[in-house]
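The lines below spell out each chain.
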Amino acid sequence: MEKHSFGLEPITCHAWNKNRTQVAVSANSQEVDIYEKKGTSWNKKYTLGEHTQRVTSIDWAANSNRIVTCGSDRNAYVWSLNGNDEWKPSLVILRINRAATCVRWSPKENKFAVGSGARLVSICYFEDDNDWWVSKHIKKPIRSTVTTLDWHPNNMLLACGSTDFKVRVFSAYVKDIETKPSSNTWGTKMPFGVCLKEFGGGGGWVHSVSFDKIGDRLAWCGHDSTLTVVNGASDFALGHCVMKTLPCLTLQWMGPSTIIAAGHDCELMRFRVDDKTKITFEGKVSVAQKKSAGTVSAMAMFKNLDKRATADDDSKKASVHQNSINQLFIHTGEKEAIAKLSSVGMDGQMVIWNQSSLEASLGNMKI
Amino acid sequence: MSKSTSTTIFRKVNIDEFDENNYQDEVVEADQVAVPAEEEIERLLNSKKNVDALQLLLRNAPITSKNQVDKDKAHQLVIRVLTMFKASEVGDAVNSLDSNSIDILMKYIYREFAAPSEKSASVCLTWHEKVYAVGGVGSIIRVLTDRKGV
Numbered sequence: 001m002e003k004h005s006f007g008l009e010p011i012t013c014h015a016w017n018k019n020r021t022q023v024a025v026s027a028n029s030q031e032v033d034i035y036e037k038k039g040t041s042w043n044k045k046y047t048l049g050e051h052t053q054r055v056t057s058i059d060w061a062a063n064s065n066r067i068v069t070c071g072s073d074r075n076a077y078v079w080s081l082n083g084n085d086e087w088k089p090s091l092v093i094l095r096i097n098r099a100a101t102c103v104r105w106s107p108k109e110n111k112f113a114v115g116s117g118a119r120l121v122s123i124c125y126f127e128d129d130n131d132w133w134v135s136k137h138i139k140k141p142i143r144s145t146v147t148t149l150d151w152h153p154n155n156m157l158l159a160c161g162s163t164d165f166k167v168r169v170f171s172a173y174v175k176d177i178e179t180k181p182s183s184n185t186w187g188t189k190m191p192f193g194v195c196l197k198e199f200g201g202g203g204g205w206v207h208s209v210s211f212d213k214i215g216d217r218l219a220w221c222g223h224d225s226t227l228t229v230v231n232g233a234s235d236f237a238l239g240h241c242v243m244k245t246l247p248c249l250t251l252q253w254m255g256p257s258t259i260i261a262a263g264h265d266c267e268l269m270r271f272r273v274d275d276k277t278k279i280t281f282e283g284k285v286s287v288a289q290k291k292s293a294g295t296v297s298a299m300a301m302f303k304n305l306d307k308r309a310t311a312d313d314d315s316k317k318a319s320v321h322q323n324s325i326n327q328l329f330i331h332t333g334e335k336e337a338i339a340k341l342s343s344v345g346m347d348g349q350m351v352i353w354n355q356s357s358l359e360a361s362l363g364n365m366k367i
Numbered sequence: 001m002s003k004s005t006s007t008t009i010f011r012k013v014n015i016d017e018f019d020e021n022n023y024q025d026e027v028v029e030a031d032q033v034a035v036p037a038e039e040e041i042e043r044l045l046n047s048k049k050n051v052d053a054l055q056l057l058l059r060n061a062p063i064t065s066k067n068q069v070d071k072d073k074a075h076q077l078v079i080r081v082l083t084m085f086k087a088s089e090v091g092d093a094v095n096s097l098d099s100n101s102i103d104i105l106m107k108y109i110y111r112e113f114a115a116p117s118e119k120s121a122s123v124c125l126t127w128h129e130k131v132y133a134v135g136g137v138g139s140i141i142r143v144l145t146d147r148k149g150v
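Protein chains in written order, with UniProt numbering: chain A, 1 to 367; chain B, 1 to 150.
It should be emphasised that the hints constitute simulated quantities derived from the structure, not laboratory data.
Among the clues, some could well be false.
Restricting the straight-line Cα-Cα distance to at most 27 Å, the calculated cross-link-like pairs of lysine-lysine (DSS-like) are [said to hold, decoys possible]:
(1) K148(B) with K197(A)
(2) K148(B) with K66(B)
(3) K303(A) with K335(A)
(4) K18(A) with K88(A)
(5) K48(B) with K140(A)
(6) K48(B) with K119(B)
(7) K48(B) with K244(A)
(8) K66(B) with K284(A)
(9) K119(B) with K71(B)
(10) K88(A) with K108(A)
(11) K284(A) with K307(A)
(12) K12(B) with K73(B)
(13) K86(B) with K66(B)
(14) K189(A) with K136(A)
(15) K335(A) with K317(A)
(16) K317(A) with K66(B)
(17) K278(A) with K48(B)
(18) K130(B) with K71(B)
(19) K88(A) with K140(A)
(20) K86(B) with K130(B)
(21) K3(B) with K317(A)
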């Protein structure tokens with residue numbers, strides 16, 4: 001496990017480059033900073049400043065080495081590195097009147113999706129004729145802010161979660177730039193923008209959605225402290241896990257039957273999904289290393305007694321992250337075969353978890 | 001020229017009503033759950049089957065109902081049943097409930113907290129402690145987020 005602190009400001013989102021030498025983070029501001037690893041420290045290499053309001057989401061296309069960012073200023077920019085080692089932005093015409101909330105490149109990196117508070121998803125692709133990024137809207141039947149997006153591995157389908165408590169799977173097939181998709185578990189006919197499936201009925205905003213590796217299962221977590229998995233391969237059977245903890249904000253498929261989720265509880269939690277989509281909570285990952293009480297010096301004790309009227313200094317949480325975890329990102333590996341996972345949180349920290357630390361609290365069980 | 005006016009009535013107009021894209025809560029079909037009759041609960045309480053009475057009420061809670069009278073009645077019955085327990089029996093009773101019932105019970109407890117009577121407040125605190133031990137903060141979160149109130 002590696003820890004790094006980028007300061008006191010909460011980190012809203014982060015994304016890695018292809019070989020994981022650089023990371024783009026936004027510390028709750030209108031700027032995106034790109035840090036490069038030098039030895040054990042992280043040095044700021046570039047600052048991407050084009051947004052005029054808070055950046056809400058970043059995604060870095062691994063193969064084409066382009067960054068897309070979106071923000072509360074209702075804009076999205078695609079950044080590419082030019083010959084002079086500078087990141088140059090190009091504006092994307094999103095045509096929205098509310099903040100953009102989340103952005104994700106499609107697996108083939110020929111388009112990306114932007115969710116927004118305008119109750120719609122913009123599917124953006126590059127139009128060669130006009131030399132700019134244009135967007136198509138998916139509007140119906142979204143009835144509230146889109147909070148999270150995930151692409152199906154076939155590059156055509158898009159899962160989106162929103163604050164109307166619903167998770168929907170849309171077709172994002174753009175006729176102009178790609179060939180007709182073949183039918184799959186989620187549907188047979190896929191004209192652009194059609195809502196293939198809708199799930200809901202939970203009581204909370206959806207915070208994160210994720211397809212599994214082949215795209216048959218879809219997992220999401222909501223603000224009612226639940227985690228749900230739907231299995232398209234077995235007649236869309238729903239598995240539901242009601243948690244005892246605070247809600248999760250983000251999740252990733254760690255292995256074929258393991259999901260790692262994290263959020264307001266400040267700790268990573270592992271869930272087991274069996275074949276019938278039954279979900280069980282396995283345990284917390286980041287088991288703490290709390291300082292033993294014996295090491296407190298007399299000086300520190302009296303200082304604390306004076307300042308806080310208590311002998312022990314309990315201001316530090318036992319978990320690694322000291323505040324809510326905002327985002328989990330696959331550092332090494334891929335969906336269902338994650339070797340390293342990075343997490344960022346409101347405490348300004350980025351933590352990279354390796355497999356052994358993720359498996360640690362599992363005892364001898366293998367993922 | 002605009003005329004100055006002392007009327008403030010226009011400030012109270014809910015402009016969101018005129019926005020056709022305005023978000024409205026989904027209309028949920030009210031399940032046909034009949035709130036258990038008072039006599040039934042009374043009978044169970046008289047024969048010392050407090051746990052059965054509680055389970056019966058929580059299973060048939062009118063959470064999707066729009067009838068406030070039904071909801072109030074169910075709430076009164078639940079609180080009445082809760083006060084019948086001895087403090088030492090509360091833990092066992094909570095352990096006999098499934099997770100769905102735990103969430104619903106937590107909703108009833110918080111509803112009572114909102115407008116407690118002299119007697120129920122301390123009873124509810126005892127129950128809250130035990131329900132929290134089983135349901136964790138998650139069940140409190142669901143009291144706050146769920147649109148299907150009791």
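Here is what the structure says about each hint:
Taken as a hint, the K148(B) and K197(A) pair is honoured in the structure, with Cα atoms around 24 Å apart against an allowance of 27 Å. Distance check on the hinted pair: K148(B) and K66(B) sit about 10 Å apart at the alpha-carbon level, within 27 Å; holds. Taken as a hint, the K303(A) and K335(A) pair is broken in the structure, with Cα atoms around 49 Å apart against an allowance of 27 Å. Our distance criterion of 27 Å between C-alpha atoms is met by K18(A) and K88(A), whose separation comes to about 19 Å.
For the proposed pair K48(B) and K140(A), the alpha carbon gap of about 55 Å is over 27 Å, so the pair is violated. For the hint linking K48(B) to K119(B), the alpha-carbon distance of about 21 Å falls within 27 Å, and the restraint holds. Proximity of K48(B) to K244(A) is assessed by CA-CA distance (about 31 Å); at most 27 Å being required, the pair is judged violated. A distance of roughly 40 Å separates the Cα atoms of K66(B) and K284(A); the hinted pair therefore is violated under the 27 Å criterion.
As the CA atoms of K119(B) and K71(B) are separated by approximately 21 Å, the hinted pair is consistent with the 27 Å bound. For the hint pairing K88(A) with K108(A), the CA-to-CA distance comes to about 22 Å; that is within 27 Å, so the pair holds. Taken as a hint, the K284(A) and K307(A) pair is broken in the structure, with Cα atoms around 33 Å apart against an allowance of 27 Å. A distance of roughly 33 Å separates the Cα atoms of K12(B) and K73(B); the hinted pair therefore is violated under the 27 Å criterion.
Taking the CA atoms of K86(B) and K66(B), the gap is about 33 Å. The hint is violated against a cut of 27 Å. For the suggested pair K189(A) and K136(A), the alpha carbons sit about 19 Å apart, so the restraint of at most 27 Å is met. Restraint check for K335(A) and K317(A): the C-alpha separation of about 30 Å exceeds 27 Å, so the hint is violated. Our distance criterion of 27 Å between C-alpha atoms is broken by K317(A) and K66(B), whose separation comes to about 43 Å.
In summary, the hint linking K278(A) to K48(B) is not supported, as the alpha carbons are separated by about 37 Å, beyond the 27 Å threshold. For the suggested pair K130(B) and K71(B), the alpha carbons sit about 24 Å apart, so the restraint of at most 27 Å is met. The suggested pairing of K88(A) with K140(A) is violated, with an alpha-carbon distance near 34 Å, which exceeds 27 Å. With a C-alpha separation of about 13 Å, the suggested pair K86(B) and K130(B) falls inside the 27 Å cut-off, and the hint holds.
Of the pairs offered as hints, the one joining K3(B) and K317(A) is violated, with about 60 Å between alpha carbons and a cut-off of 27 Å exceeded.
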